[in-house]
Amino acid sequence: AQSVTQPDIHITVSEGASLELRCNYSYGATPYLFWYVQSPGQGLQLLLKYFSGDTLVQGIKGFEAEFKRSQSSFNLRKPSVHWSDAAEYFCAVGALNTGFQKLVFGTGTRLLVSP
Amino acid sequence: DAGITQSPRYKITETGRQVTLMCHQTWSHSYMFWYRQDLGHGLRLIYYSAAADITDKGEVPDGYVVSRSKTENFPLTLESATRSQTSVYFCASTGTGDSGNTIYFGEGSWLTVV
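Chains as they are written, first to last, in my numbering: chain A, 1 to 115; chain B, 1001 to 1114.
It should be emphasised that the hints constitute simulated quantities derived from the structure, not laboratory data.
Please note: incorrect hints may appear among the correct ones.
[Said to hold, decoys possible] Simulated pairs of lysine-lysine, DSS-like, Cα-Cα distance not exceeding 30 Å: (1) K1070/B x K102/A; (2) K1057/B x K49/A; (3) K1057/B x K102/A.
Because the structure is a prediction, the values reported are computed rather than measured.
Construct the entire structure; sequences and hints are all you get.
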């Protein structure tokens, strides 16, 4: 079965600084990978997804992620963080053999943005 | 408005009572899901449905019942609520084909069992 690890529970970044959130997955074949963002009291919004092809994926709000098969990683990046990016971020993996719709989520990383 | 809506948004109930959380989507998506979100666990899949009258268990189904008589509705019932079921519950949906790559989430239902 697939699994996802987000090793950082909290990350604090200064506004304007770059951001990288880590995500490692476990799955034997090519996974379907997603990043979601959750603002306080809200549902989850899709930032970006990787199914196949180019390993550098662009998403909404200036985010990007890179799929690295050799490292089983799908880290989320943003070159310049804005205060409005403060939220919780979830990495998720779907698998072809279980239907990509059944996602397994990581435990999340809470991003704090300092002035 | 189109979208996915959950009700109630907030609920306090007593141990042993039956509670039903409603989920309605207007996209005619074939797939619908129920997740629960708990601190330290992220989101865990409770049940999902691939189409009307087709449901299957997820990772944490015990204590929950679902039904899907209509494509647009996917209610989640806690038959006899326990304190361990205090959580935030998210309904989600997705279609097939090009629209099937994105799973859309509702805004959540906060349930407290006392």
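We went through each hint and held it up to the structure:
A hinted pair counts as satisfied when its Cα atoms are at most 30 Å apart, and K1070/B with K102/A qualifies at roughly 20 Å. With a CA separation close to 25 Å, the supplied pair K1057/B and K49/A stays within the 30 Å bound. Proposed proximity of K1057/B and K102/A is supported: the alpha carbons are some 11 Å apart, at most 30 Å.
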